[in-house]
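S.K.: The chain contents come next:
4 protein chains.
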Amino acid sequence: MIIVLKPQPSPEQIQHVLERIEELGFTPHLSQGVSRTIIGVIGDERKLQATPLQAISGVEQVIPVLKPFKLASKEFRPDPSVFEVKGIRIGGGHLAVIAGPCAIEGEEIFFEIAEAVRAAGANVLRGGAFKPRTSPYSFQGLGEEGLKILKAAGDRFAMPTVTEVMDPRQIDLVCRYADILQIGARNMQNFDLLKEIGRTDKLVMLKRGMSATVKDLLMSAEYILSQGNHKVILCERGVRSFEDSTRNMMDLSAIPNAQGQSHLPIIADPSHATGRPDLIPAMARASIAAGADGVHVEVHTCPEQALSDGPQALLPEPFAALVDDLRRLAEVLGRTIDSCEGVAV
Amino acid sequence: MIIVLKPQPSPEQIQHVLERIEELGFTPHLSQGVSRTIIGVIGDERKLQATPLQAISGVEQVIPVLKPFKLASKEFRPDPSVFEVKGIRIGGGHLAVIAGPCAIEGEEIFFEIAEAVRAAGANVLRGGAFKPRTSPYSFQGLGEEGLKILKAAGDRFAMPTVTEVMDPRQIDLVCRYADILQIGARNMQNFDLLKEIGRTDKLVMLKRGMSATVKDLLMSAEYILSQGNHKVILCERGVRSFEDSTRNMMDLSAIPNAQGQSHLPIIADPSHATGRPDLIPAMARASIAAGADGVHVEVHTCPEQALSDGPQALLPEPFAALVDDLRRLAEVLGRTIDSCEGVAV
Amino acid sequence: MIIVLKPQPSPEQIQHVLERIEELGFTPHLSQGVSRTIIGVIGDERKLQATPLQAISGVEQVIPVLKPFKLASKEFRPDPSVFEVKGIRIGGGHLAVIAGPCAIEGEEIFFEIAEAVRAAGANVLRGGAFKPRTSPYSFQGLGEEGLKILKAAGDRFAMPTVTEVMDPRQIDLVCRYADILQIGARNMQNFDLLKEIGRTDKLVMLKRGMSATVKDLLMSAEYILSQGNHKVILCERGVRSFEDSTRNMMDLSAIPNAQGQSHLPIIADPSHATGRPDLIPAMARASIAAGADGVHVEVHTCPEQALSDGPQALLPEPFAALVDDLRRLAEVLGRTIDSCEGVAV
Amino acid sequence: MIIVLKPQPSPEQIQHVLERIEELGFTPHLSQGVSRTIIGVIGDERKLQATPLQAISGVEQVIPVLKPFKLASKEFRPDPSVFEVKGIRIGGGHLAVIAGPCAIEGEEIFFEIAEAVRAAGANVLRGGAFKPRTSPYSFQGLGEEGLKILKAAGDRFAMPTVTEVMDPRQIDLVCRYADILQIGARNMQNFDLLKEIGRTDKLVMLKRGMSATVKDLLMSAEYILSQGNHKVILCERGVRSFEDSTRNMMDLSAIPNAQGQSHLPIIADPSHATGRPDLIPAMARASIAAGADGVHVEVHTCPEQALSDGPQALLPEPFAALVDDLRRLAEVLGRTIDSCEGVAV
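Chains as they are written, first to last, in this note's numbering: chain A, 206 to 550; chain B, 206 to 550; chain C, 206 to 550; chain D, 206 to 550.
Hints are supplied without guarantee of correctness; some may be wrong.
No copy is singled out in the list; a pair is fine if it fits within one copy or between any two copies.
Claimed, not checked - Here are the simulated EDC-like pairs of lysine to aspartate or glutamate, each with C-alpha atoms no more than 20 Å apart in a straight line:
no., residue 1, residue 2
1, Lys211, Asp284
2, Lys407, Asp360
3, Lys420, Glu265
4, Lys407, Glu289
5, Lys407, Asp384
6, Lys272, Asp449
Hints are computed from structural coordinates only; laboratory data are not their basis.
This is chain A alone, in the form it adopts within the complex (with noise of 0.2 Å):
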């Protein structure tokens, strides 16, 4: 940490800082140069994240050196996390598909559309039974009776579940049902619920929030860390700006960012990124080619009945097209899609 001073410092003021520093444990090392002093720390920083060295009188900036995460960190674990559910492993070069509606809005059509995702190639099966909508007046998931019809599908397909949770209270249900939770874009700094599902075992898809830097985001993974879970995917499902032609503005550049700091797979979402099924496919494929390892598409048979989100929803031919091209790229990429094994569909 470096604390820099204002210009002309009292002697006073500078004996409070380093008196200060001493008092919390830490070693100061002074720098007076001709238009600034400097302090730097000698420690480890992440303990004198709470103390407000800001306030001090006499103290211009706080520079902190060390990233403020810890457990998520490559310096941490260097090699890449490869995290493996009911056969399908993802992270380190294994790549997801997961797929499927954004609600599951009844067992007849969920299991339609996860027989044609999983015909498609799709290697995890998604469906919300709990559902955050920015209106009251939408519909809000079936609860714990899409949590069965989601096992259900799982089982008959064999493939890995991922929904999402949204209150603390739900979690022992979900984890009854579902071998992933989803912690959405709109939770990702609900601190109650990441303690909470950092104190389960279950793999967790952690989404970026949509005004998250990538450090953000790497915190809120460090707070399920540190609870002792240290199963977490991250995704990357587009942040809020100025652009109004598409749902959010997709940021692929947090791939190979957060790859660069974090041992943690990171996945992308082009569905939510977008909200635009024409653009979808080609924003799916250039995430595989900034090196995500994986990606989240919703997958419709019929849109325009969909209850939540439909007008994003690729249509399962189009889909199957794209999980070629997928394919086509990570093998030139060097990388891998692991398939669901044994039920024939």
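Following the hints, position chains B, C and D against chain A.
M.R.: Positioned in the frame of chain A, the structure of chains B, C and D alone reads:
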């Protein structure tokens, strides 16, 4: 709702859209222009919000005409809502001056700060017992012990109190100790939390999310109102932006913007919006001039020892000078600031 | 300037950085910590700005300590600059009230508006002759004919005038007719234009770019100042954001923020910032309360016939009521608004 | 164009809007619903763009239905434009690989870099002679001397060249030396520059502004096209955002987004978009997978000695490896990269 079709739609496409609208119980109204065909949909379009008309073949754009919120709107209640808590009115020309430390750190220091802000003219006391911190290694708040201190200070200084609730499981506990429940920016779209708080009868202070539009903020208020609790105060606290010299970008236009659409009071929080004590007084004054129904300011008697957000706290003396400024501005603008009664401080 | 090295740098890497700094004429100052090695660079770091120290092998981060502007800074000139034009002072507690239509559309209508804003208390007259329109098919301004009308109205009503210059080739022409040269938001980083205007001795009004930080704005002012013209008034006019209910997001904290770093006056333009007449009065009041050295408001006697930006213009009557509000606020805040003299209107 | 009236408009208000539309030569189409009255306007709405219908009393919203650009649109020219310069085709499946240093710093170093990028497979040579620098104290480019070096290197290595024009007064000069005129991000809405360049017959590379939407970018292209020059290549180079770990946020969805609306080629510039050599290769690969018609990459043989933007330059070796990756991706995706002919390098 207006549905714009793609250029040269087929008669079947047009027919299908018309039928779908009628199926849903609405009356379509067709206008065929040279370059575009437009279908107006007559009826309460809020019921259409969950219906993905945009996914119908041949549809280019679906343009909502009505606002998606109802109970929060001025059309529902034309006059400004005024809420009263422990004799302090907020809304409709009555200004809240909410002050206190970011976190409750201990009884002695909290009473010292409470006394100072009360003496300076604050009429609501704030302090966090559950803290949403971006790092799991930062101070997370004193929990129930903090709530007890908050209540004791509110009683001692005859001030209504406000504190944050982060988790639905904390609501009962917090309701026992505090007068106003704060929903933090990171939880503005924690819909389960909104719904549960909507089932209490406590006054609520709902902070704008870091990437929420004014409409999003009003939709979150609508969640609370839709459950029966109509006592919501909105709070502008800055949004994320590219400007890196302030913590957030304070969007003061949200004040008149929300007031033009909603009867709910809206206050401003220059502390979190700017993160800089040198800018807080100017922005608090500007908030009142913009029409805010109050301000929310962090105050600490020793910012450099604060366990949370110390660098953005004002000292009691500049805070007292600021309240004097706000009183003079309020007078010029025809507004009033209620004082806490019943105890000599 | 502080150079942070990557973890475990080799002795050769450290040596190379130290030599490079000395080669450039600076004194390096090495601090080796447990987890990072830091090198402070003593000397005028502005000279280092063009040097890509970050590209040196082993360097993780280069952190500037000083502000990159000099002539615009408070360190260079601690007291606020006050500029006078036709007897109107701007800066240092003297407020500009700049008003007029977006574009000069014809002599009769411009004189009618000029008379109205003068009567309402405006002390600078604005009107565009060269218009930066996003569409090549929109009205582009009357050019020199417009400038003649502007000058005639300024003379008739004894008001200083301001108009936009978009192209270095227009500068001489515009200087012959107008008192203040406006640089529009879209040209804030048109560096050739800035340099040429810096070689004139005209007062300049420099608008903040749509994605410019306060530091960027001050760097653009520095361009003008570095050429010899020190008469620059800054103007906050909103920045691009995700909020879609206003034209831009007005960043009022830029006012005290710029004033804390620079001696240059800064005014606020709520017309372009909000694009909504229903929000302009509240935001103009807030601007003055935030400490702005003036406001810039578009006024039109018949907005629905305006050739440019009609929907955001105020009518003369609400504008006159607004100026009354501003006078009362200015009085409370200890500031003054000069009046145009010399003609009875 | 659709005009939405405020609730309960008076018959006079409705009448006035209808008359105004007819006066302007358009046919209004009235739909009166329960909660809103809507007026469709039939006719070429581009002519209405300068008319402030929103300022008419009783009007709540004016919603355009058609895109505001014409010559740049796919409706005007359904097939992708392909431009050829010195035998290199760009657009319609033919990829540009544009490379070179940020600034031309001298003959020897520029020839060295040119030779390296040509050998690596680049097919267009870039280098700046006029540099838009945020600081007036930074290196501003070699001017005409730089242009001469650029031309000599283009001739020597049989490569077409691209360089930035910042000022309308430089156009003739630059046209004498370079094959492609670059309009930088900061000048994307320098409308006088756009118009003047629109009167030349040179190929143009137009970079997206830092806060420009895709529509804004296409409108700026429309400016050039409207003057007669139809040879415009768009360039995505990142936009400003809150993410502070990259220089800009690269919006790759702009690639398929622009291609869906316009026949103009669009390339991607991961160097300026990320500012980080560690992210450039991944983002260049992603750009091609997203469908970009080429990439623009800064390369320098000695980044730490570069006079401009050194830290974001790739070294020749990783650049050559990247071009190999791009060739393999292009092959899988059915696209081609033309090679420069005529000289053995």
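S.K.: Compare the structure with each hint and give your call.
M.R.: Going through the hints against the structure:
| no. | hint | verdict |
| --- | --- | --- |
| 1 | Lys211 with Asp284 | between (42 Å within a copy, 19 Å between copies) |
| 2 | Lys407 with Asp360 | within (17 Å within a copy, 45 Å between copies) |
| 3 | Lys420 with Glu265 | between (24 Å within a copy, 16 Å between copies) |
| 4 | Lys407 with Glu289 | within (11 Å within a copy, 46 Å between copies) |
| 5 | Lys407 with Asp384 | within (7 Å within a copy, 38 Å between copies) |
| 6 | Lys272 with Asp449 | between (33 Å within a copy, 14 Å between copies) |
Going through the hint list in order, the structure satisfies each hint without exception.
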